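**Q** For reference, the chains in residue letters:
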Amino acid sequence: MAFTATKDASGVYVVRVEGQLIVGNRQELKTAVSEALDHGERRFVIDFSRTGYIDSSGLGALVSISKKVREQDGELRLSGLNEDLRSLFELTKLDTLFAISDTAERAVAGFAG
Amino acid sequence: MTAPLPASLQLCVRRRRIPGPSGATVELSLRVPSDVACIEEVVDLLMRHCCTDGWLCRKLRFNLRVALAEALANAIVAGNLEDRSKSVLVQAQVCGDHLRVEVTDEGTGFDPARISAPILPEELDRDCGRGLFLIRSLVDDVRFNDRGNSICMTLRRP
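First to last, the sequence lines map onto chains A and B. Just so we're aligned, residue 28 is where the first sequence starts under this note's numbering, counting upward by one. Just so we're aligned, residue 1128 is where the second sequence starts under this note's numbering, counting upward by one.
Simulated from the structure, these hints should not be mistaken for lab results. Treat the hints loosely; a few may be bogus.
Here are the simulated BS3-like pairs of lysine-lysine, each with C-alpha atoms no more than 30 Å apart in a straight line [as the list claims (entries may be wrong)]:
1. 120/A x 1186/B
2. 1213/B x 57/A
3. 95/A x 120/A
Note that this is a predicted model, so its numbers are computed, not measured.
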């Protein structure tokens, strides 16, 4: 997995995941978001438009990240899930836990203010 | 003291035709080191040898990939505790309209009945426990041996 993190003009921290989010690399994403939280970021989008696969460990990492962001009074949104990945979120009911948008732009626009 | 080198993948593929309407059979045996970095390569190998000629539609191929990856991750991480001196044995067989894959680790085993999936609203915040649920949801049949260190998954072609 590789990921790029950019701060949107509206102040939203957007992380784009490329490749796979799996047991072997989930910690990298958790660390990246955790460090951003430490630096004061509070609004996050994790974009999966270039992600082929997320395994159960990756899903667990997203749950863990979501908890940590909420504990810091922040907000996390997901975007860009393909049909297969969306089916995994629906199967595990995680589509009810996360705010999911079709694109990163729509996810960013979803933040109030 | 140096860490032991990871074992390499050991693959054995046998193709034979058996009498009767079930047609060609592929039997595959693969010994996998206890390294999560191997999972993607192992899944690719299994898919390449077991799902040739459009044997499965795209959706079922995805389901199979997920089930294989989850079973391997469970075996390597929870079963063998990522101990590089241990390996995971994968045995697959394609016969007629079904594919059966058995994944066996060298761990002490577990009781699958005690693993619950965090799908209730009050449990969604749990960050683990979804792997076995995904496997059970995506393949047609799942069985364990008595010791609980071997999972057998069957996927049937519609």
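**Q** Each hint: holds or not?
**A** Status of each hint after checking the structure:
Pair hint residue 120/A plus residue 1186/B holds up; C-alpha atoms about 19 Å apart against a cutoff of 30 Å. As the CA atoms of residue 1213/B and residue 57/A are separated by approximately 28 Å, the hinted pair is consistent with the 30 Å bound. For a cut-off of 30 Å, the pair hint linking residue 95/A to residue 120/A stands: about 19 Å separates their Cα positions.
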